[in-house]
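Enquirer: Once you have looked at the hints, place chain B on chain A.
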Amino acid sequence: MIRDADTGAAVSLRGLHKRFGDVRAVDGVDLLIAPGEVVALLGPNGAGKTTTMEMLLGLTTPGSGEITLFGRSPARATAGGLVGAMLQSGGFLDQMTGREIVQVMAAQYPAPLTVDEALTRAGMLEHAKLRYGGLSGGQKQRVRFAAALVCNPDLLVLDEPTVAMDVRGRQDFWAAMREYTSGGRTVLFATHYLAEAQDFADRVVLMRAGRIIADGSVAEVTSRVGGRTITAAVPDADPVRLGELPGVAAVEVRGEQVRLHCPSSDEALRALLAEYPGAHDVVVSAMSLENAFVALTTEKVS
Amino acid sequence: MRTLIVTELKLLSRSPDFLAISMAFPVVFFLVMSEVFGGGRIGPVDMITYMMISMAAFGVISGSLNIGARVALERRSGWNRQLRLTPLPGWSYVASKVAVSMVMVLPTAVLILLAGFLVKGVTLEVVQWGQILAAIWLGSLPFAVLGVLIGMAVKPETVSAITVASFLLLAMFGGLWMPVEVLPGFMAGLARALPSFWLADQARELIGGGSVSLPGLLVAGAWFAGASVLVVASYRRDAAR
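Taken in sequence, the protein lines are chains A and B. At position 229 of the first sequence (counting the first as 1) the number is 229 in our numbering, and the numbers step up by one without a gap. At position 72 of the second sequence (counting the first as 1) the number is 72 in our numbering, and the numbers step up by one without a gap.
Calculated from the structure, these hints are not laboratory results. Every clue listed holds true.
What follows is a list of derived Cβ distance ranges for each label pair:
1. Gly134/A <-> Gly39/B: 50 to 58 Å
2. Gly137/A <-> Lys10/B: 24 to 32 Å
3. Gly65/A <-> Ala222/B: 34 to 42 Å
4. Pro35/A <-> Lys155/B: 40 to 48 Å
5. Thr158/B <-> Phe20/A: 19 to 27 Å
6. Pro184/B <-> Asn45/A: 53 to 61 Å
7. Gly189/B <-> Lys129/A: 51 to 59 Å
8. Ala165/B <-> Gly65/A: 36 to 44 Å
9. Pro35/A <-> Val212/B: 54 to 62 Å
10. Lys129/A <-> Gly39/B: 54 to 62 Å
11. Gly90/B <-> Gly137/A: 25 to 33 Å
Stretch by stretch, here's where chain A covers chain B in the computed footprint (C-beta under 8 Å, at least three residues):
12. 10-16
13. 67-80
Everything numeric in this text was worked out from a predicted model, so none of it was measured. No residue lacks a Cβ here, since even glycine has one placed at the ideal position from N, Cα and C.
Chain B with its partners taken away, still in its complex shape:
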């Protein structure tokens, strides 16, 4: 599995333009959005920090879901079929994809926090920076599995459309673009069922001095479990072909 992960990362490093674009995109988004929403405070944090966390969440979500395109490519090329001929267990294949996804989204999150610090002058304690990064990065796990699921369950031709639709919907209804505080009531309720809302909310709570929220963990855990079950089902369906 280690060789698989290393090789995959090596392959990704061969398309630096793809990496640069997928990392730069959320940074640009953050810089624009923070201009639009300007000053003020929401709950425990100021608006700029709020948007920085939201956009970091958005960045890791879109980055994580992008792994689906790789999975789809590998299904189309027959590579994962070839791997199924080896002793490599199915869960190992999925785990390697999740690991690659998590390695890929880390720089995205770091870049946005850097932009917040250097460009937008966000000032936080070192511990708080660490809390944001840890919450956003570890919180990307369900999205990595969701990305693998999209790659396994959807036809290769439609993967990119589904990926884009998924992260746009997750971002919009999860209150990453517009704070849930300004959303109408029913949408604010819907947001609380989405892992995207909790991804940003956990980070905000932590730097506001709060602790990891249980409902947030439960929602993220439920999405993780649900996506994992469906990944296993799609893997079996592929196998029974």
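In isolation and in its complexed conformation, chain A is listed as follows:
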């Protein structure tokens, strides 16, 4: 999993552990993120996502393990203005206006964006004079986004960035993110909305009980749980022969109706059509990330 080329990695986590009392919040996480990757961190509550993010930002000291961001320690990477973050535990003072918040953040960095630009990108420019305490949940998230962006970071770390946003707010948020990442910047975000991971991430990392249990593209992760399903009407279907087709893991036959669970649906489909030229009404359906997520995160811990 760990490659030698990790000197150029945007994020490198090796053997990361963190305990809170008897709870192993993070229990051996290795993760390498290349510059320009957009990675979604998924997992049920308590999986260790937030703790992992806080450790990689240097907010929480790891029990053991190594963290580097662009080859530097978290403290040096944040001090250099390479990292911007939106945290659940981070917050702002209710009496400050959005503009003041972004100004204070901008003032700490060597080469920040202008305050106006950060506010514009986050879609918060016109409401920048309002006090934080009076903003809606979605507007607060935008201020947080502007505050994370203003240092013009190479790596953005976002812990549930769209929580409390309505559908429209989420769309706007991800549109702004796309614009931001089109410049080749790295993003690591945790989310509960699987659709966001599916639509936006190049790569999904699934955590459970402090460990990474799946890591890859959406297609790769979903294939971990049986990949795709092929359904077809197959005259004279023979379950044994079907089960021996390459790429097929399991077979259900009801009369002419056949359902094949396929780790490799492409291979299975070619073989199916070659073996049964009379097969018709073929449907290949993707295992949704949601199904994969439920399957992977509810499996018994081995």
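Expert: Quick look at chain B alone, frame taken from chain A:
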């Protein structure tokens, strides 16, 4: 750090009632106490001047410790966690709080001296007024750090109780309400271990023609150093969370 201080002062100016109350409180105290203790002299100064200096000390102490409530609020809201994500070093955060505290207590001290001059008819040389103000204001430094410490080390729910208890104890045992000269011997001894006693005592010595006392500097310095070490420790504990 400058932006942080300016913004913070701007925020404070948005709650003028809070500022007015925290500044007026010690002035009222002074006016009442000076009536109670009336005339007479203690050591180099008359009783009214004595109480004016004591209450100015009390005012800057309570004002300085109040910064703890801000720090606690910022910890609860996650603001200082957010700041920890920036290049702003930890000492800078503490320094900005100390600076804000010192800016805030200056008007409190000035108001009490003004009340002494205008209402109580205290007459001193210009130099002496300057000496009192300088001693009280610069002497507030350890209390500002102590305030930050309370805000960092104590749970947000208990900060205001601890703050009030601290400045009451410091004032009482430091001889700010009742001159150490009238306190029983062991309490007078205890007072000399407290920075609150020395805060007022230095000012009194200076206008009496004396110089800055070394034991006073050492006690204030020890409190400053002790509070600073504990602030660093609490900051690290927060960080290791």
